[in-house]
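Chemist: Listed below, chain by chain, are the residues.
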Amino acid sequence: MLEHDVLIVGAGLAGMRAAIAARDAGANAAIISKVHPVRSHSNAAQGGINAALTDRGDNWEDHAYDTIKGSDFLGDQDAVEVMCRAAGQSLIDMEHMGVTFNRDDEGKLGTRAFGGQRVARTFFVGDFTGQALLHVMFEQLVKSGVQSYEEWFVTSLIMEDGKISGVTALEIRTGQLHAIRAKTVILCTGGCGRLFEPSTNALIVTGDGMALAYNVGARLMDMEMVQYHPTTISGSGVLLSEAARGEGAYLRDKNGNRFMEKYAPNMMELASRDVVSRAEQTEINAGNGIDGCVHLDCTHLGEKFIMEKLPQIRELGIDLTGKDMIREPVPIRPGMHYIMGGIKTDVDGQTNIPGIYAAGECANVSVHGGNRLGANSLLDTIVFGERSGSHAADASRGVSFSNFNEDEVVSREKKRLQEILDRPDNGDRWSRIRREMGDSMNRNVAVFRTKEGIEETIEELQGLKQRYGSVPVHNKGKVFNTDLIFALELGFMIDCAEAIAISALERKESRGAQFRLDYPNRDDDNWLKHIVVTQGELGPELSELPVTITKWTPEERKY
Amino acid sequence: MDVTVKIKRYDPESNNSGYVWQEYPIAIDENATVLDALIQIREDDDGTLSLRCSCRSAICGSCAMKINGQGGLACKTKASESMDKDGVILVEPAGNMDTVKDLVADFDMFWNKIREIEPYLQPEGVVPEGEYVVSNESMLHLSAVTACILCGACVSDCTVLEVDKTFLGPAALAKAYRFTADPRDGDEDGVSRDRLKVLGQPSGMWDCTRCNICVQVCPKGVAPMDRIMAMHDQAIEAGYGNNNGARHADAFIESVGHTGRLDELRLPVKTVGITNIPALLGFAPVGWRAMTHGKLPPLIHKSVEDVQIVRNLYRKLEQ
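Line by line, the protein sequences give chains A and B.
The first sequence begins at 442 in the working numbering and counts up by one.
The second sequence begins at 1012 in the working numbering and counts up by one.
Treat the hints as calculated values from the structure; they're not laboratory data.
Treat the hints with care, as some may be off.
To be verified - Each computed DSS-like pair below joins lysine-lysine, with the alpha-carbon atoms no more than 25 Å apart:
#, chain 1, residue 1, chain 2, residue 2
1, A, K764, B, K1089
2, B, K1019, A, K919
3, B, K1208, A, K584
4, A, K917, B, K1019
Said to hold, decoys possible - From chain B, some residues computed to sit far from chain A (all C-beta separations above 10 Å):
#, residue
5, G1058
6, R1063
7, A1069
8, K1096
9, E1173
10, V1209
11, T1220
12, L1276
13, I1288
14, H1304
15, L1324
Positions of the beta carbon are idealized from the N, C-alpha and C atoms, including for glycine.
My request is simple: use the sequences and hints to build the entire structure.
Modeler: So, in structure tokens, the structure goes:
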């Protein structure tokens, strides 16, 4: 039978970093992913990775302060400190591995400005930094010899006496179901963006790890904190990097005015993402937009500059909107992009469930709090991926494998999947239900929220959950049955959507990405705390955890 | 906008062992990509259709397939520009690979070739404490190659792989160049000697026939063939010119430089070496066929009329 000391679910940056770290620490590590590692969504990070390098006159405290202010003081400051202290070395490690970072005139690593930060500390590879990092991490994975189960879909976590003992997984290419024994499991499955429609997220970003963990008792924290990115393409929701604004692009309303003057007179277009998205939505709602969008204007940057610094997003603009940003502004709007919330972990990636770890977007350490700064997510994946991997390797040393009955586990899971396949073909398919869920979330749990709106969505989610119980799978085959995979993913997404909506309803204040029109102010007296959702017997249950504050006292947030 | 997407389908579990073409007449948005159309079919019309796709923005590399016979990314191909006059778009799985199901190609061969080139930085010198100090130009040059998303469109359409599956292929070779051209890889001078030696073996860089198809189909402008040719130069410079491919290139240059045209009779002799009797005998059947078909090159190779112009060009290039 397949068995590993450390089994990592998800092969994006966090997952591969964790696998390599676990292997380096001497563990028998393996990585399992529903797509080939280089297809992972870390690819889509465009702008860069933050680090405060002391030889540039920067320091980790300033990076930490910007991060904490960006989080609207909801980030746990001890965790932010761990991330920002580790950033410099993590960056240099990536460079040594072969990342082709852009350089300055002296041949040293070059930086660009990014939102919510007082100095330029974002290191980058053109405007495809995530792809550059992901591919290099894959190279290191190949070098490390870590076993990799590619295109295997984890269907459940196997628990024994409240501890993790392995996973069941469907080999997509053959339809064969496997059980894998593991002493520790690190969930690195990314966010859950597809439960919004539209979203910048790839189609594979369906909250698998969050829901898997939630369903065995893990805590989901800050789930209401959903980031709307200020520059996404209308319709498809595809992202145009913050790098554009970092490199000097303007946001303009229908009259050509740079409206950010009104909202963030100092930082202008480079205020925090939540601030810019709200400003855009306010202008659009007031009728100052252009067909539900505002303009991202790069025309003053010049062709040579754009071709060197922003080549991919220029292509995207041409491919998806027909506009060449060298010559004309591109219409953009706020769009769902990232979830700050996730599986609650400590700084070593441990969750409240023995043996289960989480890292990357599916985790919540919490470093991003109410709003993540651009270019802190790549950093998060690498720092906490590595820490989780080495901690899990240590924790699995001297521990023996659980001896669950493989046949029994496999046949039970097979039976569950067969029942789904055997459902009658009538009834709404996963695609219909997902779209309705996405519309509802994007309507009511978006940039601006109200009690009535969120309640409407919660009610709609209840209906969708019921219909999900009989969702048919038209493809009855075994080989590459994506119809079945999508149906299973929808179940994960509905769990996450519910956690997001009830957390948003619970937080009766406006902080970071959560803006309640009925509670428009931040309320530190009552709400400077994390909201936690766990799976109770009758459904989701809410609780709270304190925010760790070390040396940065919460203050009014102005940009 | 009405369109008919005609998909080459294959189901290994069906009794019908071959593939079938299936037509899906659908209405799509004017701006829709071929991928949008395929997703719409999968979500609204036919849940049994299998394909790989994820990011929708040409960065994950999942949706490479043949569209109207040519490899490319479905998410980067506009449907409106792919229709024939009857509104039909032909969609097939990527070529040069087996098909798993429908539009899902078996990428095992692809990944094995990537692994074969040892795809990770191998510096021989001392690793600095901070970053490597290298020029921005060198990194920008490499970034144009690391922009490769490993989608496999080039491998799908490679004309060498079509006849020789042992060829490393354009994606793996471009990836290899990403290291051989990296000032951090190889010795203190950034020369990746070991790599160039291995890549010069049969099925390696010299097996590219420079048909240019990989350059045409690459959705990211990586231009694999150009990278392979740049690697040829690196190999010769590093002293690995003593092989058929390099000698072929040398003989080619010499012949044209001297007479203004290719001496097709001496090219094979110079390529394998005049003393390499077994290899020369191997050309006999080709020579015989050429002769019997009246295609044998003239025994006496003459210069072109204005050969001086060619020689001047060469001189300028050398300067």
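Chemist: Run the structure past the numbered hints and jot down the numbers of the failing ones, going up.
Modeler: 5, 6, 7
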